[in-house]
Amino acid sequence: MSALLKVRDLHVDIPLAAGVLHAVRGVDFSVDRGQTLSLVGESGCGKSLSVLAVMNLLPKKATWHANTIAFDGQELDGVSEWQMANIRGSKMAMIFQEPMTALNPCYTIGNQLEEALLRHQPVSRNKARDRAVYLLEKVGITAADSRLKQYPHQLSGGLRQRVMIAMGLMCGPPLIIADEPTTALDVTIQAQILALLASLQKEFDMGMILITHDLGVVARMADSVAVMYCGQVVETGRAIELFENPLHPYTQGLLRCIPVPGKTKPGEHLGSIPGIVPTPIGEQTGCVFQNRCSYVTDDCTSAKIGLARISAGRAYRCLLRPKVSQKNMSESQAI
Amino acid sequence: MLVYTGKRIVLALLVAVTVSFISFMILNLSGDPAIALAGADATPEEIKFVREKYGLDRPILVQYIEWAGRAIQGNFGESPYFNQPVKDIIGDRIGVTLILGLCAFLFAVCLAIPLGVIAAIRPNTWIDRTALTISVFGQAMPNFFFGLILIIVFGVILRWLPISGGESWRHFIMPAIALGYYGSPALMRLTRTGMMEVLASDYIRTARSKGLRPGPVLFKHALRNAIIPVVSLAFVLFGYMLGGAFVIEYVFAVNGVGFLAVRSIERADLPVVQAIILLLSFIYVTMTLLSDILNAYLDPRIRVK
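Protein chains in written order, with my numbering: chain H, 1 to 335; chain S, 1 to 305.
Each hint should be verified, as a subset may be incorrect.
Claimed, not checked - DEER-style ranges, computed between Cβ atoms:
hint, chain 1, residue 1, chain 2, residue 2, range
1, H, Val79, S, Thr193, 30 to 36 angstroms
2, H, Ile281, S, Gln139, 36 to 42 angstroms
3, S, Pro123, H, Ile281, 20 to 26 angstroms
4, S, Ile302, H, Leu270, 53 to 59 angstroms
5, S, Gly6, H, Thr188, 40 to 46 angstroms
6, H, Gln154, S, Cys110, 55 to 61 angstroms
7, H, Lys60, S, Ile302, 30 to 36 angstroms
8, S, Pro123, H, Gly271, 44 to 50 angstroms
What the hints assert, rightly or not - A few chain H residues facing chain S, derived, Cβ under 8 angstroms:
hint, residue
9, Met55
10, Leu57
11, Phe96
12, Glu98
13, Ala102
14, Pro105
15, Glu115
16, Ala116
17, Tyr151
18, Phe204
19, Pro278
20, Gly282
21, Gln284
The set of hints was computed from the structure by calculation and includes no laboratory data. Cβ atoms here follow ideal geometry from the backbone N, Cα and C, with glycine treated the same way.
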């Protein structure tokens, strides 16, 4: 079976006064129906820009090109914005990070929900309202009927994010993209929203791309993971394998940053990755992680380093061979 | 919403009363009204007679209260120049001023809002710069000067339009443009910055992520938000155009309230001047009040708690 969404060699460039910022540099990922792919990485690593490019929602200044972006067998690179708008919302929907500002303050929840369906399907406003009520109940909002008449400012952040999720589901899209859907919410609400997303994804058999910088979320939600750093995928694989046996020094570093209940002693220092993320302006040779990596060799600064495939769906971008890296992983093994 | 409106109305009334009080005091202090009425070559006896006849010898506060009491009932006294009730004199001319103000307002809105929107969609293009140039001119040029340019070009050189009076609709074209153009830059700039800000907001991206076409994104989602402060400003400007047409009415000799005001000041026709000031402050305060209420109505964050 071919993947629901398959992205190969995606590039996003942003022209700046100081030069061209290569924000995304040759990213590959794919999602199957009913599966969750998690894009993980620090702020600015290009994970949001990658999915915005797929949706053709990048900021005006940014440009993108790719070897292929295939959605359900259809090539999206080269599709006009007019056609793309037919796909957005109906075939792939997006849930944004900021529920406080992502809803239009001037229109009621009902209006904004119904609009998502009316745009794509020839149904009556009443039918659209029924669908909105059904989905609001699905996302756990009580008294859904009366909520439709409310404005975004009358709802709490958690409720607004539920509304955003319902809005994404209005047309029953095969693919849903959630861009840090819980970052702006309280911890208790975060857990509820994640559980909700997971159950809806199963129920509607959707493919899901979950963007996050929280490895705890990845562990709970993802079937597969792509770890991004500085505009590149540095490691990818099934979530379980990747957590058990991280191969890239950056992934290992990320996992060391997480405290493990029962293993991390109170007061003990958590791991951190030294240095800062380089700004990817202009061309760069060698490994993107070279200036922060403790295993760095001369080859790392000059060689062109591709994604080394080691098994089905498992690949990493490093000159270190698995054996070498594995012996340095004792700390993260337990996770 | 009701409480909000009520508070605003009380505030507006207080402003109107204060304006009328201050203007009454200033007019009476700016010169002896009795001398002005009696004429420059009047004898002291004549001046004394006038002063007693019009009650100008009483304390000024008493005069104000008496005037205000009558004004509330719609009686603004009689003009010593026209020998007619002030109410009728103003009533004959207010229609002209309203038409001129409305035309100027429509001209300003129709020029400013589309230009502001286009400039926001295409920032830093030739059309944005054209809009900027138009607004800089409008802001920098005094409206009487622009009026004179219009008169020279369209009235004297091209002879397309009549240069003075108010007999037909054609007489209103130039004064309305001169008056409206002056108000349009502020509206245009506010529309442009508002639209640019809104277009960069998260909910516009949400609207696009639903697959909405550029039309609905722009007009339903963006303009609806950006227009709120523009509507407020437009109402205040409308008040200004109704009240601020003094110079323009004078330049084009349009026989409206502004023209009357200028001539009445020259004639020291105090009851007329006093009534016009009260009328204008009332118009201005009403427009500001309407602007506040409409603003609240358009913004659900204020309207719905």
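How the hints compare with the structure:
Against the hinted window of 30 to 36 angstroms, the Cβ-Cβ separation of Val79 of chain H and Thr193 of chain S comes to about 34 angstroms, which satisfies the hint. For the hinted restraint 36 to 42 angstroms between Ile281 of chain H and Gln139 of chain S, the CB-CB distance of approximately 40 angstroms keeps it satisfied. Between Pro123 of chain S and Ile281 of chain H the beta carbon distance is about 24 angstroms. The supplied range of 20 to 26 angstroms therefore holds. For the pair Ile302 of chain S and Leu270 of chain H, the supplied restraint of 53 to 59 angstroms is violated, since their beta-carbon distance comes to about 47 angstroms.
One distance hint, 40 to 46 angstroms for the beta-carbon pair Gly6 of chain S and Thr188 of chain H, holds here, with the actual separation near 41 angstroms. Taking the beta carbon of each, Gln154 of chain H and Cys110 of chain S are about 36 angstroms apart, not inside 55 to 61 angstroms as hinted. For the pair Lys60 of chain H and Ile302 of chain S, the supplied restraint of 30 to 36 angstroms holds, since their beta-carbon distance comes to about 32 angstroms. For the hinted restraint 44 to 50 angstroms between Pro123 of chain S and Gly271 of chain H, the CB-CB distance of approximately 46 angstroms keeps it satisfied.
Checking Met55 of chain H against chain S by beta carbon gives a least distance of about 6 angstroms; that is within 8 angstroms, so the hint holds. With a least beta-carbon distance of about 6 angstroms to chain S, the hint placing Leu57 of chain H at the interface is held under the 8 angstroms criterion. Because the closest C-beta pair between Phe96 of chain H and chain S is about 6 angstroms apart, less than 8 angstroms, the hint holds. The interface hint given for Glu98 of chain H is met, as the beta carbon of that residue sits about 5 angstroms from the closest beta carbon of chain S, less than 8 angstroms.
Taking 8 angstroms as the C-beta contact cut-off toward chain S, the hint placing Ala102 of chain H at the interface holds, the least distance being around 5 angstroms. At its closest, the beta carbon of Pro105 of chain H sits 6 angstroms from a beta carbon of chain S; the interface hint therefore holds under the 8 angstroms criterion. A distance limit of 8 angstroms between C-beta atoms decides the matter here; for Glu115 of chain H the minimum to chain S is near 7 angstroms, and the interface restraint holds. Proximity of Ala116 of chain H to chain S holds as hinted, the smallest CB-CB distance being about 5 angstroms (cut-off 8 angstroms).
Using the Cβ-Cβ criterion of 8 angstroms, the hint placing Tyr151 of chain H at the interface with chain S is satisfied: the shortest such distance is roughly 4 angstroms. Checking Phe204 of chain H against chain S: minimum C-beta separation of about 18 angstroms lies over 8 angstroms; hint violated. Violation of the interface hint for Pro278 of chain H is found here, the shortest Cβ-Cβ separation to chain S being roughly 27 angstroms, above the 8 angstroms cut-off. Evaluation of the Gly282 of chain H hint against chain S yields a violated restraint, the C-beta minimum of about 25 angstroms exceeding 8 angstroms.
About 30 angstroms separates the beta-carbon of Gln284 of chain H from the nearest beta-carbon of chain S, more than 8 angstroms, and the hint is not met.
When held up to the earlier numbered hints, the structure conflicts with 4, 6, 18, 19, 20, 21 and fits the remainder.
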